[in-house]
Every structure is written in C-alpha cells, then in structure tokens.
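Enquirer: With the hints as your guide, set chains B and C onto chain A.
Spelled out, the chains give:
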Amino acid sequence: MTKPPMLRVNDLKVHFPVRKTSGFLPDRVPLKAVDGISFSLGAGETLGIVGESGCGKSTLGRAILSLVRPTAGRISWLGVDIAQADKRATRLRRKDLQLVFQDPLASLNPRMTIGEIIAEPLRSFPAEYSKSVRIRKVNEMLHQVGLSPGMTNRYPHEFSGGQSQRISIARAMILTPKLVVLDEPVSALDVSIQAQIINLLKDLQAAFDLSYIFISHDLSVVQHMCDRVLIMYLGQVVEQARAHDLFVNPRHPYTRSLIDAVPIPDPVAERARQTVSLTGDPPSPLNPPAGCRFHPRCPHAVDACQAAAPELETVAPGHDTACFRWRETL
Amino acid sequence: MTGQILTAQGLNVTFATPDGMVRAVSDLSFSLMRGECLGIVGESGSGKSQTFLSALGVLADNGRAGGVVNFQGQNLLGLTQNALNDIRGNRITMIFQDALTGLTPHMRMGEQLTEVLVTHKALSKQTARARVLEMITRLRVPDPQQRLAMYPHELSGGMRQRMMIAMALLCEPDILIADEPTTALDVTIQAQVLQLLSGLKKHTETAIILVTHDLGVVAGLCERVMVMYAGRLVEEAPVDELFYDPRHPYTRGLLDSTPRLAGSVHAADGRLKAIPGQPPSLEEQITGCAFAPRCAGAMAICHTERPPLRQSGPGRRLACHLAAPS
Amino acid sequence: MGAAPGSTGLPDLLTEAAVIKGRSLWQDAWTRFRHNRAAIAGMAGLALIAFYAVFAPFFSAYTLDGLDYTYIQAGPSLANGHWFGTDSNGRDLFVRTAYGARISLLIGLMTTIIALSIGVTYGALAGFLGGRIGNIMMRIVDVLYALPLIFFIIILVTVVGRSIFLVFVGIGAVEWLTMARIVRGQTLSVKQKEYVDAARIAGVSSAKIIQRHIIPNVIGPVVVFVTLLIPTNILIESYLSFLGLGVQEPMTSWGVLIKQGSNNLESMPWLLLFPATFLALTMFCFNFIGDGLRDALDPKDR
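Protein chains in written order, with the numbering used here: chain A, 1 to 330; chain B, 1 to 326; chain C, 1 to 302.
FYI, nobody ran anything at the bench for these hints, they're computed from the structure. Where is the CB? At the ideal position from N, CA and C, for every residue including glycine.
Keeping only pairs whose Cα atoms sit at most 25 Å apart, straight-line, the calculated PhoX-like set for lysine-lysine is:
hint: 1; chain 1: A; residue 1: 95; chain 2: C; residue 2: 208
hint: 2; chain 1: B; residue 1: 121; chain 2: B; residue 2: 201
hint: 3; chain 1: C; residue 1: 208; chain 2: A; residue 2: 137
hint: 4; chain 1: A; residue 1: 87; chain 2: C; residue 2: 208
hint: 5; chain 1: A; residue 1: 87; chain 2: C; residue 2: 191
hint: 6; chain 1: A; residue 1: 95; chain 2: A; residue 2: 178
hint: 7; chain 1: A; residue 1: 87; chain 2: C; residue 2: 193
hint: 8; chain 1: C; residue 1: 191; chain 2: A; residue 2: 95
hint: 9; chain 1: C; residue 1: 193; chain 2: C; residue 2: 208
hint: 10; chain 1: A; residue 1: 13; chain 2: A; residue 2: 87
hint: 11; chain 1: A; residue 1: 137; chain 2: A; residue 2: 95
hint: 12; chain 1: A; residue 1: 131; chain 2: C; residue 2: 208
hint: 13; chain 1: C; residue 1: 193; chain 2: A; residue 2: 95
Chain B side only, calculated, beta carbon under 8 Å to chain A, not exhaustive:
hint: 14; residue: 188
hint: 15; residue: 191
hint: 16; residue: 213
hint: 17; residue: 215
hint: 18; residue: 217
hint: 19; residue: 239
hint: 20; residue: 260
hint: 21; residue: 274
Estimated spans, in silico, between C-beta atoms of each pair:
hint: 22; chain 1: B; residue 1: 198; chain 2: A; residue 2: 89; range: 46 to 56 Å
hint: 23; chain 1: A; residue 1: 89; chain 2: B; residue 2: 20; range: 44 to 54 Å
hint: 24; chain 1: B; residue 1: 108; chain 2: A; residue 2: 80; range: 52 to 62 Å
hint: 25; chain 1: B; residue 1: 20; chain 2: A; residue 2: 272; range: 47 to 57 Å
hint: 26; chain 1: B; residue 1: 101; chain 2: C; residue 2: 147; range: 35 to 45 Å
hint: 27; chain 1: A; residue 1: 209; chain 2: B; residue 2: 143; range: 50 to 60 Å
hint: 28; chain 1: A; residue 1: 209; chain 2: B; residue 2: 104; range: 46 to 56 Å
hint: 29; chain 1: C; residue 1: 78; chain 2: B; residue 2: 284; range: 52 to 62 Å
Same shape as in the complex, but just chain A (with noise of 0.2 Å):
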C-alpha cells in the first residue's frame, strides 16, 4: 500500500461512565469499552476487526462514525482530526464515513417507504439533490444492490432479511462514501443469503473503490474479505497482522483459540481436531483483569502475565501481537 491511509486511528479510547450503585450518589466506574486502539486504513483496503461480545468493536465502529464521542486518543480522516469535531463538520463528512448495521430490519424505519429511507441521506444536502435526482440516484442504487426499482412504495417488513439488507446498503451507499464501516452485516442472515451479500460488498467496493472496515465475529468470513485483521479483547488489540499471516501464523493465545473455535464444515476434520477450549467466561469490561487481560483463561499464562499488560510488538512485518510469550507458545 504506497498510497497514504486515508485514516488514522490513534490510542483510541472510549469510556461510558456506568452507574455502579444505585440510590442518591451513585458510584460511577468507566466501562473501558475501547482502551487504547490504533490502526490505519488506505484507500481500497478492508480491515477486519474480530472480537467477541464486550470486545468494543462495535463501540470502535460507532466511534468512527462519530456516534460516540471518543474519551481520548485522535481519529484523523484525510488528515484531519474528527474525534473532536463540531455538529456542522461532522455533518458534512457524511458522505465519506457511512455505517451499515447488523440487523437489517432494525436499521430501517417501519414507517417509511424504503424508497423514502434510501432518498434520506440526500435530503440532507438539499442543494445538491433535487427531486429528480434524488428519484434517478434512488433507482440506479436499487438495481445497483440488485432489487428493483419498483420497490420503492414499499414498507421494509414486506421483504426478507436479505432484501432489507441490500437496502440497508443501498441507503449506505447512495452518498458514495469512501469509507464504510461494516458492523457484522450478514451475521443475522441466512448461510445462503450471506454469500449473497458478501458478493454484493465485494462487487460495490470494487464498482466505488471503497475502504471497507469489517467488524464481525465470524472468522470465516473474516477471512475470505479482508486484507488486514485486528483482533481485540477487551478493548485492545491482542493481535493485527495481513489476513493470510494471521489465519496462518497466528501468534496470541486468544487468536489460536479463536480460530481452533471455529467449527469446519468438514466432519472428519472435526472429528480430528483435539482442541482446547478456553474454560470460563469472556470477562466484563466493567472490571477488566490486571495486566494481561486475557490471562485468567489462557493456557499459557505465568506470573509475569499477571504482573504487567504486554504491549505490541512486531512478529513479523506487518504482523503485531501483545503477548509476553509469543516466541515460545506454537
């Protein structure tokens, strides 16, 4: 990637003060659900971010898209800071930085025609799209996803998930952002809906040259879409590295025992695996461990784990882990 990152991510943090006690004067302890992330992105590029409930990467998606403001660290687009922008900014950028969601039919209004829905990211900029280009853009989008444009009287409980998900990327995309933030966007689909859509994302990004970060916890997927990887535990990265090093070399426990998770549609591979699974509960983020975060359930944890939380350090070009004992776990 010669061309510069079009965005730069830097010890991002976000922390929600939560009540801890009720009553008069509550206590309040930050839940850290994003603790110190950094990463960047170029142009074309697609940066999967994998992690398991209360991992943050959803926070980190929203972050970005300045629907939480950020409690520390800079997030630059294009050079310029937009953690600490104004309203009117924000606004503007719009149309760089767009958002698809996990659950299609909660994404769309029921009240609106998705004619209406996919129209509404232009009617912010009034002077830009009139009607009649609003109607064009609209219908050009729907064939573009693959419905048709006939559909635009329709209300999104008349169509299926997979329907409601197209639209939910047609909305996404009718702007023609540079960057889209994919929050697990075929997780609530069905197997054979999923490749569908995965085929779609993939011919879009190519049809408008688009960043994609993919936020998902299904590495399979993961996998077959990204170029780059970040895997986060508990607010932090535990492991960033090119998609093929990552699934082939994975260096943090947490990774391992990620990938040896994944059940393989392959039963005498399946019956083959000897896999340890991790005992125990993925902690709160309310209440993180002390040093290593993930020390309470890896099978490799010593003193030292405990003691003090590893940085990232370079394994390989490219390829980051933050574990004390990487060099000597296989």
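Expert: Relative to chain A, chains B and C alone:
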C-alpha cells in the same frame, strides 16, 4: 424396531395467518435411534424448528399439526396437554437459542432446576437439590453453589445455556432437542457448549436432535443429517456422505457458499458460489420442486412436478429429479 | 459509475416493472382492526350516539329548555312525544340528553386535543433531549401529578368564574401529564433504535429525526391512549358537573343531567336512567375501540 425411539410419518404443520395458510412443514417422515445424534439443517422458513415444536405440542395458537409422531407407542400429536406434560421436560426435553427466554426470570436458578425434578420425579427438595448440584458440577459450572443462587439475567450467555442444558438433562431424558443452541453465543463459548454436547453423547444414552443452520456444528457432532427446505426433507444421509457426496443441489449450494477457514489460503480471491434468489414464501402453493427457481440445473419437470422422496443409497434419502435414475 | 453487481440474480423481482404500492403498517393495522367485531361495534355505537347528539333535536318537537306545563315530571311515553320523559320543570329529556351529548362529547374531544398537543410535544422533547434536562422536565411532571385535580379546578372556578373553557383548560391541564409520560417512555425506546442512528449517520438534523423517525413510531400507543382518554375526560367533566363546577345553564351535559337525575331518583328514575345509560354506552364504545386499536397496532409493530 428396536433402537428407534422416535418416528414421524406424514407430519404436516400449518399456520392460519391473515395472509393465508402457511405450510411450515409438509409430509415429513423420519426416525431417530436411541443414543444417536441427528442433525437437522435448514435456514429460516425450512420448518426445522416447527417440526419439533409441533411434536411437543407447543405450537402457536394458530398452528395445526397433522400426521403421526410416534414416541414409545404413542402419537404425540394426539395427546392432551396433560399427557404431554409428563413427557415434556422429562422424557423429551428441549433447549433453545435464547436461554434468557427459556428460563423464568423471577426465579433463582436453583429453584427452577429443582422444580423440574420435584415435578417429574417426585423427589424431595433436598434430594433434588443434591442432584442439581451434581449435574451442574458435571457440566463444569464454576462456583456451582453461587450460581444456583443467581437469577438468569445475572449469568452470562454461556452460563445460561449450560443451565438450560442442565435443566434438560436432569431427568435423564430419552431425547434432547437442541434448537440452534449455540447460534447466539460467542464462538469460544460455542466451542465449550459443543464440547459439552459431545461429552453428553459419549456418556449417556440420550439421543440428541440438533437443529441448526451451521454446517460446521453438524459436522462435528452428528451421525446423520437431514436437510430441510421450504418445509420438506430434501436430503438425508450419514454425516460423512452428506459432506463429501452431497447429492441435492441445495445441499451442494449450502456447502459451496459457506466461507471456510482453510489452513493455507490466499486472501480474498474471487467470489463465493452463492445460491441465487431466496427461499419461497410458504403461503403460496408451490408447484414442482420448491428449490427449482434457484437451481442451476433445473429441468422442465422440476418446475411442474414435485420430486418424490426416494431411497438413494443405504441410509440415504433424496428428493430431486436430477439424481433420479432415468 | 462502474460495473453493475454480478449475478445476485433475483429473476422474480427484476421482472416486476410496475411500481407497486406498498402495504404500510397502518394499512395492516386497519385490516386487523376491521376484523375485531367489538371494535367495529364500538365504532358503530359511537356513530349512532354522535348522530343522536346532532340530529335528535330535529326529530323532536321540543327544545332544550322549553317548558311544557302539560307534562311536568312525566315519565317516558311514546304517545305524548316526550320519549324520555320530562323533568321537574317540564323540560324534555330526550332533547336535553342530546344536547348533553354534544357538550360531553365536545368536552371529551377538546380536552383530549389539548392534552395531546401539550403532552406529545413535551414528552417527545423530554425523551429526545434526555440527560439532565429531560430528567428535570419529568420531575416537573411528577410534581404536577401530585396536585389534586379537584382543588385546582375549584380554585380556578372560584377565581375566574364558571365557564366551559375553564373546564377544557382544567381537564386538559391535568391529563397532558400522563400523555407526556407515555410519549417520553416511547421516545426513549425509539431513540435507541438503530434506524435513529442510521438517520444520524445519514446527516439528518435532530429536528427532522424527531419529525420523521420518532413521532411516527411513537404514535401507536398514543392513539390507543387517546381513545381511552376521551371517555375518561367525559367522566371527569361529569364529576365536575355533579359537584356543580361544570357547565352552566342553559347548557347541559350528561354530568349535569345525571346530577339532576340522582337528586330525583325515587320520584323520576328516568331522569337518571337515560343520561347514565348513554354515558355508560359511550364509555363502552370508546373502550372497545381502544382495545381494538391496541390489538391492531401491537403485533410485530415495534
């Protein structure tokens, strides 16, 4: 026949909705052997869940079930709710995708679990409690005493699922029906639960019916697999044969369109082989094969005549004109 | 623009060239509502009562306060034209009940409209703004809630004098509180929906978000509440009239008529019977409609 504990013949499930009659399950027949793990694969609208909800008599009010579901000499579909109560939770148990809705929110876990034993096995509270403790310890629940004192919403998703499994196993049922048990769980927790079910297979005689859309889960646990589409069985085979020699275009399509973690792979090349189109609406009468509109190899007859379900090998059934001997 | 997307092939959809009219959630709800017999009966009943209120005086030879000396304190009879009987002054009850219906229904409607306007705006704002301001707004509602309605109206009446507008204001000023609470609760839950986030990401301003996304999705429970609020308000008015605080002569309402009827219960039971029956029937109708609306708007609607 010995070894068969559950059989179904001609099972039909319909729902009367304002938009018309929805045929959720049509003419389904299958059998389940003692101690075996049977996988039921299908997507939304395939009828896989409704099949077992109807067998247990817990269909929605506007649902009707017809046909025969035979369990230990009785047709479950003909039984009264009272008679079903003796079987449900006791001889046939079910666990669901969302443990939070499957558990009573205002009762502590201990109470809910002991209630099952007290009701069905007429045990005293103390004996029941001891059994419950033993069960959840066996299911590797950490701090079992503490957990029993908690309410469902205080437990994590994986722990709740374990509790639901515990509840389902307390009476040592003949059949455990697991309806998408791991779909809502994180992948590492899913692995734990699958290990649990695998252990169950090894150490008990309980037959497991695993209803899921996840082919990977089925590959690891099941001995036989049934594939359902639009309310009908389209293919049935032993697990290895289903994955390595799929004969129905839908099965093939599912296997091809699932992205897989391969050992060594080049990043993101080419597109997935997706099945075009979408599953049919179950309100309309479908002529011909329900999958035909989406099938690359559909012939003229596929659109007009529904392919009959035929034996296509030992332990295999298939409903497809393409594979029929000409 | 670039290449069209590949074979996502949806042949059945792409062949539909005509623009199809969609089936909105309101239409679905109306279909469900239509099938609810009690609700339709309620609508029919209301229509009849409204018809009675408007047209009944035209059918009768008598007027609102005309005194018929020939038939004072007469019971209901078909023969003499006093179908509901007369009161101690000789006024015809049939006509008076009709005029009473007009006033009662009008009061029910007007107070509800006032409560609606204030309540929805206040509640939506409080819910949307949230945080400190929203909380303070709702605490004000709580405090006002604690004030007893009757005293408030008595004070108002004593200070300003009896008038029908006072009745509107008085009742409306109290009922908006519940409306605000409902709307605020609904707004809070709608605010969290993903389509509101999606609208923000689409660059929609807060005002437009409230207008396009929040209000239409909040209206459901509001509509149900409104149909149950109207009869409540009619009832409150009749309490007030019973206490002598409501409408003044020569206007009359069901409350006034009921009061007069209850004063003469033993001697002229029909004076109580007819207005009370009408009031009760109206309440039933609104309740059936409200129930029907709740059922129609509820399923899968959120």
